[in-house]
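Chains as they are written, first to last, in this note's numbering: chain A, 36 to 317; chain B, 36 to 317.
No lab work stands behind these hints, which were simulated from the structure alone.
Among these hints, one or two may not hold up.
Identical chains share a label here; the pair holds if one copy fits it or two copies do between them.
[As the list claims (entries may be wrong)] Calculated lysine-lysine pairs in the DSBU-like style (CA-CA distance at most 35 Å, straight line): (1) Lys-238 x Lys-289; (2) Lys-59 x Lys-242; (3) Lys-132 x Lys-238; (4) Lys-289 x Lys-134; (5) Lys-134 x Lys-177; (6) Lys-59 x Lys-134.
These are the residues of each chain, in order.
Number of protein chains: 2
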Amino acid sequence: MSLDHNWFTEIANGYGMSLQVREKIHDEQSPCQHIEVFDTETFGRLLTLDGMTMLTSRDHFIHHEMMTHPALFTHSAPRQVVIVGGGDCGTLKEALKHKVVKQVVQVELDERVTRVAERYFPELCESNGDPRAVLLFEDAIKWMQEAQAGSADIIILDTTEPVGQATRLFGAPFYGDCLRVLRQGGIMVTQSGSPLFNLDFLKGMRKEMNAAGFESLMTIQFSLCTYPSGWWSATLARKNQNFGDFREQNVRRKSFDTRYYNADIHRASQVLPTFLQEALAE
Amino acid sequence: MSLDHNWFTEIANGYGMSLQVREKIHDEQSPCQHIEVFDTETFGRLLTLDGMTMLTSRDHFIHHEMMTHPALFTHSAPRQVVIVGGGDCGTLKEALKHKVVKQVVQVELDERVTRVAERYFPELCESNGDPRAVLLFEDAIKWMQEAQAGSADIIILDTTEPVGQATRLFGAPFYGDCLRVLRQGGIMVTQSGSPLFNLDFLKGMRKEMNAAGFESLMTIQFSLCTYPSGWWSATLARKNQNFGDFREQNVRRKSFDTRYYNADIHRASQVLPTFLQEALAE
Chain A
36 MSLDHNWFTE
46 IANGYGMSLQ
56 VREKIHDEQS
66 PCQHIEVFDT
76 ETFGRLLTLD
86 GMTMLTSRDH
96 FIHHEMMTHP
106 ALFTHSAPRQ
116 VVIVGGGDCG
126 TLKEALKHKV
136 VKQVVQVELD
146 ERVTRVAERY
156 FPELCESNGD
166 PRAVLLFEDA
176 IKWMQEAQAG
186 SADIIILDTT
196 EPVGQATRLF
206 GAPFYGDCLR
216 VLRQGGIMVT
226 QSGSPLFNLD
236 FLKGMRKEMN
246 AAGFESLMTI
256 QFSLCTYPSG
266 WWSATLARKN
276 QNFGDFREQN
286 VRRKSFDTRY
296 YNADIHRASQ
306 VLPTFLQEAL
316 AE
Chain B
36 MSLDHNWFTE
46 IANGYGMSLQ
56 VREKIHDEQS
66 PCQHIEVFDT
76 ETFGRLLTLD
86 GMTMLTSRDH
96 FIHHEMMTHP
106 ALFTHSAPRQ
116 VVIVGGGDCG
126 TLKEALKHKV
136 VKQVVQVELD
146 ERVTRVAERY
156 FPELCESNGD
166 PRAVLLFEDA
176 IKWMQEAQAG
186 SADIIILDTT
196 EPVGQATRLF
206 GAPFYGDCLR
216 VLRQGGIMVT
226 QSGSPLFNLD
236 FLKGMRKEMN
246 AAGFESLMTI
256 QFSLCTYPSG
266 WWSATLARKN
276 QNFGDFREQN
286 VRRKSFDTRY
296 YNADIHRASQ
306 VLPTFLQEAL
316 AE
């Protein structure tokens, strides 16, 4: 069966993921990238950057919750949060659900992504006006170099794929800056690709984190239909502290709703299939 | 980006999954269905039935292991195993890895699927000559009606999607026959679709199992790149017994290799995201 032009298709590793499109409702070349929004038949709205799926209305909750809550419920008191990228503001919204959070600084290079999200994904931007939210539009590499040492509890790298500009966000120099900016026990979390397609990348990223001085790493995994291979991971790295227990009782009594994340998922997402355990132990 | 004819595409629910094809190496209309085999660029060989992905060389291990080992390591002594469908013989091979198994009877309607698998997927058919394997090519509905009550410990429904002929394998009448054929404490396991795409189907299937007399159900989930949505489930149903513990020590000391399944995965695969817990509790 072949797909006509009414489909958006993303190809990676000889594998294609396609969503049936009703209409393209936004098409813009920002100074940074090509931003498109589509109305799809069954996934609600779709946001793409340079042809790569960023999110759909239907399944973004999995990504946004898993980039946020495992880290924030592991840290004993995550007061200061930094988000790098995250222009769609879904991760910001999840982080701000935590009452213990005093401030979230979001450092996104491309202001247009946030403006487009505000227009087409208002449900993700509901918390943009929260007095605890600080939205900056600038280069995160430079921002992190200049940020005060020991000023953050959590750094979430909610970035695009490691191509072009974004490549610099996946190496030891940048991770070293993040380590410096974190307080003792602080946690950095980054998307780390598909366990099936990007295993070498994942292994390389973990080595870069070690090289930067992070000793404790934890890779978590979850299904994510609209990212290449439908299987995704995030990797957490902690400053001078093992991961140990998470605040399980706080998760069980949390004051906000989640659709994917819960206390058992927190634990289960850390469990890796045998081939992945073996690859990461090499 | 659009896909030319060098791609195999399967479409479901406004979502397409495509694999880049080098060459179609088999194309046959059996009395039952259209059987095709492709050499793909990055997934090894691909077997399709009536245009639906059955397996690829690259990721079939996830499906075959998860259809087999959670059930066999839950049962205290799974001596008699029945497989319905399973013509590619991958599930058969996994079941026969268990030394405690005395016999596996596989009831596949279409002998041609097995013959094609023997030719193009010899690695799946390595155990077809095992003296404990009995390969029957006949209608499983009739076979199950006529099978002796209390003669099986495990019944694995490794079937195609519930369309056409296969629909009858997903309803209370057939589940009732399986219940009768199981011994006390016996376990039936069936593929139960995508938690994202087939939630109503999954709920309906569980109701059919309850209606047939199965009281204890357990749905497990795992990523499976080449099935629609990349996220898949299986549902286990136990005869007159709760699931309770599995033989964890036996898993940790098992005499055979697995690439996906392990003791922690056994437990983690039972953990469901919040939206799925809520849907199944309705």
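Outcome of the hint check:
1. Lys-238 x Lys-289: both (34 Å within a copy, 27 Å between copies)
2. Lys-59 x Lys-242: neither (40 Å within a copy, 40 Å between copies)
3. Lys-132 x Lys-238: both (32 Å within a copy, 31 Å between copies)
4. Lys-289 x Lys-134: Answer is within: at 10 Å inside a copy they meet the 35 Å cutoff, but 46 Å across does not.
5. Lys-134 x Lys-177: Only inside one copy: Lys-134 and Lys-177 sit 29 Å apart there, 60 Å across copies, limit 35 Å.
6. Lys-59 x Lys-134: Close neither inside one copy (38 Å) nor across copies (57 Å); limit 35 Å.
In summary, the structure is inconsistent with hints 2, 6 from the numbered list given earlier, while agreeing with the others.
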